[in-house]
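Asks: Residues per chain, in single letters:
Number of protein chains: 2
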Amino acid sequence: MYAEIITIGDEILIGQIVDTNSAFIGKALNSIGVSVYQITSVQDDKLHILKALALAEKSADIIIVTGGLGPTKDDITKHTIAEYFNDVLILNNAVLAHVEYLFKTYITTAPISDLNRKQALVPSKAKILMNDFGTAPGMWIEKEKKTFISLPGVPFEMKSLIENKVLPELIKKYKRPFILHRTLLTYGLGESALAERIEEWEDALPDYIKLAYLPSLGRVRIRLSAKGFDEELIRNEVEKQITTLLPQIKDVFVGYEEKESSLEKIIATRLTNKKLTLAIAESCTGGKLTERFTANSGASNYLKGSAITYATQSKIDVLGVSSDEIKAHGVVSHQVAESMAVKVREVFHSDIGVATTGHAGPDKGEGEGEVGTVFIAIATKETVFSNRFTMGNHRTKVINKTVNKALELLEKEVF
Amino acid sequence: MYAEIITIGDEILIGQIVDTNSAFIGKALNSIGVSVYQITSVQDDKLHILKALALAEKSADIIIVTGGLGPTKDDITKHTIAEYFNDVLILNNAVLAHVEYLFKTYITTAPISDLNRKQALVPSKAKILMNDFGTAPGMWIEKEKKTFISLPGVPFEMKSLIENKVLPELIKKYKRPFILHRTLLTYGLGESALAERIEEWEDALPDYIKLAYLPSLGRVRIRLSAKGFDEELIRNEVEKQITTLLPQIKDVFVGYEEKESSLEKIIATRLTNKKLTLAIAESCTGGKLTERFTANSGASNYLKGSAITYATQSKIDVLGVSSDEIKAHGVVSHQVAESMAVKVREVFHSDIGVATTGHAGPDKGEGEGEVGTVFIAIATKETVFSNRFTMGNHRTKVINKTVNKALELLEKEVF
Chain A
-11 MYAEIITIGD EILIGQIVDT NSAFIGKALN SIGVSVYQIT SVQDDKLHIL KALALAEKSA
49 DIIIVTGGLG PTKDDITKHT IAEYFNDVLI LNNAVLAHVE YLFKTYITTA PISDLNRKQA
109 LVPSKAKILM NDFGTAPGMW IEKEKKTFIS LPGVPFEMKS LIENKVLPEL IKKYKRPFIL
169 HRTLLTYGLG ESALAERIEE WEDALPDYIK LAYLPSLGRV RIRLSAKGFD EELIRNEVEK
229 QITTLLPQIK DVFVGYEEKE SSLEKIIATR LTNKKLTLAI AESCTGGKLT ERFTANSGAS
289 NYLKGSAITY ATQSKIDVLG VSSDEIKAHG VVSHQVAESM AVKVREVFHS DIGVATTGHA
349 GPDKGEGEGE VGTVFIAIAT KETVFSNRFT MGNHRTKVIN KTVNKALELL EKEVF
Chain B
-11 MYAEIITIGD EILIGQIVDT NSAFIGKALN SIGVSVYQIT SVQDDKLHIL KALALAEKSA
49 DIIIVTGGLG PTKDDITKHT IAEYFNDVLI LNNAVLAHVE YLFKTYITTA PISDLNRKQA
109 LVPSKAKILM NDFGTAPGMW IEKEKKTFIS LPGVPFEMKS LIENKVLPEL IKKYKRPFIL
169 HRTLLTYGLG ESALAERIEE WEDALPDYIK LAYLPSLGRV RIRLSAKGFD EELIRNEVEK
229 QITTLLPQIK DVFVGYEEKE SSLEKIIATR LTNKKLTLAI AESCTGGKLT ERFTANSGAS
289 NYLKGSAITY ATQSKIDVLG VSSDEIKAHG VVSHQVAESM AVKVREVFHS DIGVATTGHA
349 GPDKGEGEGE VGTVFIAIAT KETVFSNRFT MGNHRTKVIN KTVNKALELL EKEVF
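Residue numbers (our numbering), protein chains in the order written: chain A, -11 to 403; chain B, -11 to 403.
What the hints contain is simulated information worked out from the structure, not anything from laboratory work.
Ideal Cβ placement from N, Cα and C applies to all residues, glycine included.
Be a bit skeptical, because a hint or two may be false.
[Stated by the list, open to error] Short derived list, chain B residues pointing at chain A, Cβ under 10 Å:
1. S29
2. S47
3. L199
[Claimed, not checked] Below are the PhoX-like pairs computed for lysine-lysine, each with C-alpha atoms no more than 20 Å apart in a straight line:
4. B:K147 - A:K385
5. B:K34 - A:K198
6. A:K61 - B:K198
7. A:K39 - B:K215
8. A:K39 - B:K39
9. A:K369 - A:K262
10. B:K198 - A:K34
11. A:K46 - B:K34
12. B:K215 - B:K163
[Said to hold, decoys possible] Far from chain A, some chain B residues (derived; all Cβ distances over 10 Å):
13. I116
14. E157
15. F241
16. Y298
Using the sequences plus the hints, can you model the full thing?
Replies: Written out as structure tokens, the structure reads:
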């Protein structure tokens, strides 16, 4: 059981957009036991699309195509798919009614144009997957045992179609194995050091469990992947292996990615359960730390709010950090980081305050210190502490490393 | 002149990470006149990698492979490339010295392990591209007129190698055409309405200029792409076409993507030039609006800071919004949005204050109103106004649409 994902659009190949659709579709397919053999991104070019479809048909059972379904002339997917299946486009009245409804409800009461009406033309062999959020329908075409699915490239339209239409239909049509991924999050030890420490355990893994190391700034994820038709056997064996592994990495292990998704979700769950509240004072991270929390629903259960005191004067005006302290130690210092954490906790009336201050570069901000130098402080009712870090000289890297390090320190604080 | 990008790693196919490397490489190659024919993401599987290399060799002149160069057992790219070229791995002393230097400087003074030492094994036919930021070197192998380049998958290591080693070498080796992309940002008009309005202009475009519409939440980008060896002709013709187009879209046009990259950069440039400062009060957008500004360097020139007043009480405690007003109108209201904008401007001593308040969903926050209802307010010294929007019922969509809409309103304000 293999799928191939084909994403269509010059904007992907020239690097104007990042293809996030493939990752979403890959994850969704894995969740129902379908492995993705390959992801192929091709140009808005008929011959290239036809070639990609033919190659995918050879190696995959399910071919999912996204993009190129808009109403403008650069959108050629529908015509190309019709050609691939020696098919013609016909008007689908249900789609036409839906397009008319969307325009009347959300856009204008004027009659829709020919360009919009063309969205209701579909290959005659296609089963329609109605798109609740847009004018381009999903299409499902079967060829012997293979299934071709064409979806719009707009991410939230595609996501809704995958979740509500594609997955239920695939579950009905195919007998699928069970796929399990379990990812352990570790912080503070490098990839090679970690691999050496657990080498004996890794070498003793059964053949059907695949291990992968995923290093990124300040953390290494360890993923165990297994696939088969005996779900219980797979679950038990993977669980057994993790139980053997955990004591060997207990100083760096912080949680599971699939269970709680991320460090910020682990922290969110703990804060919510303990009925603790958080306030954040950000300087160099510029809102990114807060955004990691607020991107998930439920943040209002524990997050009082944040002060992004980007300018030095704002640290004084909004948080009440003393200007003498800033003069004495510089704005990037243990003292100012700790004051920010203490003050943000007071101003927002939270249980915990966390603060970042540093130089993200490329140019130095106000105050002293080298680019890449960052202080992170955490304040509670009883105590305050801060740590100094050197995060390198690349702006994006400094910001992201600082966010990850702040999350790591917070996780330890709310353990 | 075509390139193919092959990204290697099960983590891409199972959707654990989004492949951002391809977009970066695509953009970089375009900048020196190299078009990307296809992006292919394959599994950590020897046969699959060999097959992808063989297919890519047929359609592209330059094949860039990323990923699978780490020190652990799941990293098989180096061995597979050696096999593809009937080559063997040999120890490269310069790489070994570099690995030793990196460990001594950044990790530990203890001698490096065998696992790290193996990073210095490279195919004998490969020219080494030294990786300043990591232990895995880039590799450059020529086969007749074709070039194969293998790079580490860690984004900042890959980026540095592309910019400092790969592009200069490709420029030396190949005669390349000139590629020009120009993207016009428009806000406030749908894709089909825009396409209909400029249809006559589009139909009259010369053959070698390709047009694409890129719709996303609240905005449509129009891209003109052209390629050829006569740079001056291409530049002049594209410029001429844009000059013809602009009067037809002047009510929705806000700027060029390539020139100023994004609406937040346009606003940043204008604020900086006018010596105006900004403060932001965010509720439902949770830091994302601020982060759009602080992701770019130079934000300290105009951004005083932000208050992310996520909890209702924080709007009172930190900004000084009156609790009576919140009781009377609800926290998601014209009145509270305007108060937030006025107060954040005062608290941060900025020239302009912008505020968002709304329900991002899926569950309703504190206060009244439907999920998806958002108010955005802008305050200056002279005036304050707010607008009400209905952003749909999808959390990520509500947040992103609100951020884009706030940027759109700000852009008009600082025109």
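Asks: The structure should be examined with respect to each hint, and the outcome stated for every one.
Replies: Hint by hint, here is what the structure shows:
{"no.": "1", "hint": "S29", "result": "holds (4 Å)"}
{"no.": "2", "hint": "S47", "result": "holds (9 Å)"}
{"no.": "3", "hint": "L199", "result": "holds (6 Å)"}
{"no.": "4", "hint": "B:K147 - A:K385", "result": "holds (12 Å)"}
{"no.": "5", "hint": "B:K34 - A:K198", "result": "holds (14 Å)"}
{"no.": "6", "hint": "A:K61 - B:K198", "result": "holds (10 Å)"}
{"no.": "7", "hint": "A:K39 - B:K215", "result": "violated (23 Å)"}
{"no.": "8", "hint": "A:K39 - B:K39", "result": "holds (16 Å)"}
{"no.": "9", "hint": "A:K369 - A:K262", "result": "holds (15 Å)"}
{"no.": "10", "hint": "B:K198 - A:K34", "result": "holds (14 Å)"}
{"no.": "11", "hint": "A:K46 - B:K34", "result": "holds (19 Å)"}
{"no.": "12", "hint": "B:K215 - B:K163", "result": "holds (14 Å)"}
{"no.": "13", "hint": "I116", "result": "holds (20 Å)"}
{"no.": "14", "hint": "E157", "result": "holds (19 Å)"}
{"no.": "15", "hint": "F241", "result": "holds (17 Å)"}
{"no.": "16", "hint": "Y298", "result": "violated (4 Å)"}
When the structure is compared with the earlier hints, violations turn up for hints 7, 16 and for no others.
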